[in-house]
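Novice: One-letter residues, chain by chain:
2 protein chains.
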Amino acid sequence: MSTDAHLKEEKVDGGIAYDGGFLKIHKDRVRLPNGALTNREYIRHPGAVAILPVLDDGRILLERQFRYPNAQVFIEFPAGKIDEGEDHLECAKRELEEETGYTATEWHFVTTIHNAIAYSDEHLDLYLARGLKAGDVKLDEGEFVECFTATLDELLEWVRTGEVSDVKTVIGAFWLDKLRRGDWKLN
Amino acid sequence: MSTDAHLKEEKVDGGIAYDGGFLKIHKDRVRLPNGALTNREYIRHPGAVAILPVLDDGRILLERQFRYPNAQVFIEFPAGKIDEGEDHLECAKRELEEETGYTATEWHFVTTIHNAIAYSDEHLDLYLARGLKAGDVKLDEGEFVECFTATLDELLEWVRTGEVSDVKTVIGAFWLDKLRRGDWKLN
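Heads up: the sequence lines are chains E and A, in that order. Residue numbers for the first sequence follow the numbering used here, beginning at 11 and rising by one. Residue numbers for the second sequence follow the numbering used here, beginning at 11 and rising by one.
Hints listed in this document are in silico derivations from the structure and should not be mistaken for laboratory results. Heads up, a few of these hints could be off.
You can't tell identical chains apart in this list, so a pair holds if it fits in one copy or across any two.
Within a straight-line C-alpha distance of at most 20 angstroms, the following computed DMTMM-like cross-link-like pairs (lysine to aspartate or glutamate) qualify [to be verified]:
hint, residue 1, residue 2
1, K21, E173
2, K188, E116
3, K148, E107
4, K188, D163
5, K188, E164
6, K34, D131
7, K195, E173
8, K195, E94
9, K18, E153
10, K18, E173
11, K188, E167
Modelling step: build the complete structure from the supplied sequences, incorporating the hints.
Specialist: Here it is as structure tokens:
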């Protein structure tokens with residue numbers, strides 16, 4: 011990163027400014043590239059996973075979930091926070107089964123995305139799941155999720171029109187499109 | 011939304027739990043679809059814009075910026091927060107000129123995305139800018155941004171490899187790909 015010295019900010023001091031249980035805010039004093047001091051406020055997040063579940067007939071498994079901050083129901087890929095020390099792929103398997111009841115025999119890492127770089131260190135790991143088998147849903151207390159399926163063409167059309175606007179779901183749809191076209195391959 | 015009653019959460023009471031200047035956290039008591047009470051903590055964000063600037067020769071204008079929460083330099087499309095009461099397109103024009111010095115004669119709304127639906131109401135409006143003309147950069151105090159250009163194929167390759175992981179930039183790249191292919195058109 012030596013070439014980035016003209017962009018880099020260094021922590022002087024700081025710590026947790028707010029701990030509400032669900033959200034933790036850090037506030038640090040930092041030295042800017044020009045030597046000036048400023049504050050940086052940000053969320054520390056354990057990271058999350060999202061699962062792109064493709065059924066044997068090619069249909070995509072999706073969820074509808076009410077998201078309180080925007081007070082609306084979003085169409086989403088199954089996703090969830092990584093527990094402390096939890097392996098990311100194990101987290102993906104757990105979240106898929108808890109939220110949808112499905113288990114999968116085939117798992118592929120797709121990509122990692124950063125969704126709020128200005129004020130959060132959150133990352134999301136996206137996994138493709140195939141060889142899906144239905145089972146029982148085990149939602150967390152207070153979690154209300156509705157599962158449904160759609161074709162990839164339907165999902166892409168909802169991305170185009172803006173009906174799907176959640177970033178992990180938009181990016182997952184574009185990746186599935188690239189893989190179906192054969193433009194990109196999984197590692 | 012009558013069909014979503016089984017998913018919807020209703021505010022009971024609540025308000026600002028933390029105001030650090032940059033970040034504002036709200037904490038509300040809410041009634042879940044099953045009648046139980048729980049807390050929802052979230053950030054209220056004014057929204058932001060991101061600009062997909064395409065030069066006359068087809069190259070894409072991008073930025074490199076150090077983002078403190080992840081302590082790394084990200085490749086990004088120009089972007090910025092909407093000022094109170096500011097028109098979103100005017101904000102896009104302002105941010106493009108401030109951060110890159112460029113003005114554009116042609117502007118098109120592309121899409122709106124939601125980047126952290128579990129804990130923020132932030133949305134980002136993406137705009138395509140063409141007819142670009144270079145000018146003077148007017149960065150905010152304490153803002154350090156490096157501009158550069160790349161081809162769309164280079165940008166897509168960085169998305170594929172994960173070198174570009176910022177969600178507005180990933181989604182903007184996929185949209186530019188769809189537009190170049192002629193699969194999708196701007197409204």
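Novice: Given identical chains, is K188 near E116, meaning Cα to Cα at most 20 angstroms, within a copy, between copies, both, or neither?
Specialist: within (19 angstroms within a copy, 29 angstroms between copies)
Novice: When no copy is named, should K188 and D163 be tagged within, between, both, or neither for a Cα gap of at most 20 angstroms?
Specialist: both (12 angstroms within a copy, 14 angstroms between copies)
Novice: Up to 20 angstroms between alpha-carbons, please classify K148 paired with E107: within, between, both or neither.
Specialist: For K148 and E107, only the intra-copy Cα distance (7 angstroms) is at most 20 angstroms; the inter-copy one is 50 angstroms.
Novice: Are the CA atoms of K18 and E153 at most 20 angstroms apart within a copy, between copies, both, or neither?
Specialist: between (40 angstroms within a copy, 11 angstroms between copies)
Novice: Since the copies are identical, ignore which copy is meant and state whether K195 and E173 lie within 20 angstroms (CA to CA) inside a copy, between copies, both or neither.
Specialist: between (27 angstroms within a copy, 16 angstroms between copies)
Novice: Given identical chains, is K195 near E94, meaning Cα to Cα at most 20 angstroms, within a copy, between copies, both, or neither?
Specialist: Result: close neither inside a copy nor across copies, 31 angstroms intra and 44 angstroms inter.
Novice: Within a copy, between copies, both or neither: which one fits K188 and E167 at a CA-CA cutoff of 20 angstroms?
Specialist: both (15 angstroms within a copy, 12 angstroms between copies)
Novice: Go through the copies and call it for K34 and D131: within, between, both or neither, with a Cα cutoff of 20 angstroms.
Specialist: This pair counts as both: shortest intra-copy Cα distance 11 angstroms, inter-copy 17 angstroms.
Novice: With identical chains, the pair K188 and E164 could be close in the same copy or across copies; at 20 angstroms between alpha carbons, which is it: within, between, both, or neither?
Specialist: The answer is both: 15 angstroms in one copy and 16 angstroms across copies each meet 20 angstroms.
Novice: How would you classify K21 and E173 at a CA-CA limit of 20 angstroms: within, between, both, or neither?
Specialist: Neither, since 40 angstroms and 25 angstroms both go past 20 angstroms.
Novice: Within a copy, between copies, both or neither: which one fits K18 and E173 at a CA-CA cutoff of 20 angstroms?
Specialist: between (38 angstroms within a copy, 18 angstroms between copies)
When the structure is compared with the earlier hints, violations turn up for hints 1 and 8 and for no others.
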